[in-house]
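Trainee: Sequence:
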Amino acid sequence: MNSLYNELKPVQRIIADYFLAADFESLNSSIEDKRLGYDSFQHFKISLSRDLKYEPDTVLPIFNMDDDPKLSIRKVFSEAISNLQATEAVVSFDAIKRAAERIIETKIVYFFGLGGSGKVGSIGEVWFSHIGYTARAVSDPYEMIVTAGHAQPAHNIIALSHSGSTVPVIDAVNIAKSSGAFIIGITNYSKSPIAQLSEVVLLTACPERRVHFARSNSMVAQSTILRSLYILAAARSGKGVGERVDDIEASVNARLRIK
Numbered sequence: 024m025n026s027l028y029n030e031l032k033p034v035q036r037i038i039a040d041y042f043l044a045a046d047f048e049s050l051n052s053s054i055e056d057k058r059l060g061y062d063s064f065q066h067f068k069i070s071l072s073r074d075l076k077y078e079p080d081t082v083l084p085i086f087n088m089d090d091d092p093k094l095s096i097r098k099v100f101s102e103a104i105s106n107l108q109a110t111e112a113v114v115s116f117d118a119i120k121r122a123a124e125r126i127i128e129t130k131i132v133y134f135f136g137l138g139g140s141g142k143v144g145s146i147g148e149v150w151f152s153h154i155g156y157t158a159r160a161v162s163d164p165y166e167m168i169v170t171a172g173h174a175q176p177a178h179n180i181i182a183l184s185h186s187g188s189t190v191p192v193i194d195a196v197n198i199a200k201s202s203g204a205f206i207i208g209i210t211n212y213s214k215s216p217i218a219q220l221s222e223v224v225l226l227t228a229c230p231e232r233r234v235h236f237a238r239s240n241s242m243v244a245q246s247t248i249l250r251s252l253y254i255l256a257a258a259r260s261g262k263g264v265g266e267r268v269d270d271i272e273a274s275v276n277a278r279l280r281i282k
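Counting from 24, one number per residue, gives the positions in the sequence shown under the working numbering.
Please keep in mind that the hints were generated in silico from the structure rather than gathered at the bench. Backbone N, C-alpha and C fix where the C-beta goes; we use that ideal spot for every residue, glycine too. Check the hints yourself; a few may be wrong.
Unchecked claim - Each pair of labels, with its calculated beta carbon distance range:
no., residue 1, residue 2, range
1, K214, K120, 21 to 27 Å
2, S95, I254, 29 to 35 Å
3, T129, D90, 43 to 49 Å
4, K120, R97, 16 to 22 Å
The whole structure should be built from the sequences, with the hints applied where relevant.
Mentor: And the structure:
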């Protein structure tokens, strides 16, 4: 529900506010309209129960000058746990599987994102490179346009944006999509421009103000979704890739780690 809140009409926000403020008895309510973005009432109840169990005001604001250090640390962990569980309730496992199957098919993946989302893309590049995929993270707007201009139907573009409205990412995705690239969007908002441009949308559920120096909670959820894609791809890589990964790990141990 949190992932759709900013997109709801005023009357729908009133309804959402009621459910978010209610106790667990509201789980027995019945609904006919799926406007809130749930495939079924059961899905709605699961997501709602998690929203109620992990209320944002128990951990937010994450940054407070008067907080005891232990409280600040506890807030960080509580926020991460809350956002991951909310994301697990909202994201479609079938969509993750579909995205993974497409990446496995072509073994070519590019990550487009700015700021924190760009850093998450860099992690994704390392993961997929480790299993022999062609992977590249692009966080510079100019490089995004250049990379998108060379996109081909075999290319998978993972567009990372919490808001789903990051202009350079949208522009690059439009260019890549026009060349037939397969677009996978990871965003917090199902009706955002990036979501609308994507063949597969993987939703996070993280309340976050835009450009706030103490807020980067969406990065945890984004990286967890990317890791899910990576694990599914790694599981299908075959024995030969596994042996090469073992060789790489042996080289890393020999050259980069203290014995």
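Trainee: For T129 and D90, compare the CB-CB distance with the range 43 to 49 Å and indicate the outcome.
Mentor: holds, 47 Å
Trainee: Can the suggested window of 16 to 22 Å be confirmed for the beta-carbon pair K120 and R97?
Mentor: Violated - the Cβ-Cβ distance for K120 and R97, about 35 Å, lies outside 16 to 22 Å.
Trainee: Quick one: are K214 and K120 within 21 to 27 Å, going by C-beta?
Mentor: holds, 23 Å
Trainee: If you check the beta carbons of S95 and I254, does the distance land in 29 to 35 Å?
Mentor: holds, 32 Å
Taken one by one, the earlier hints fail for this structure only at number 4.
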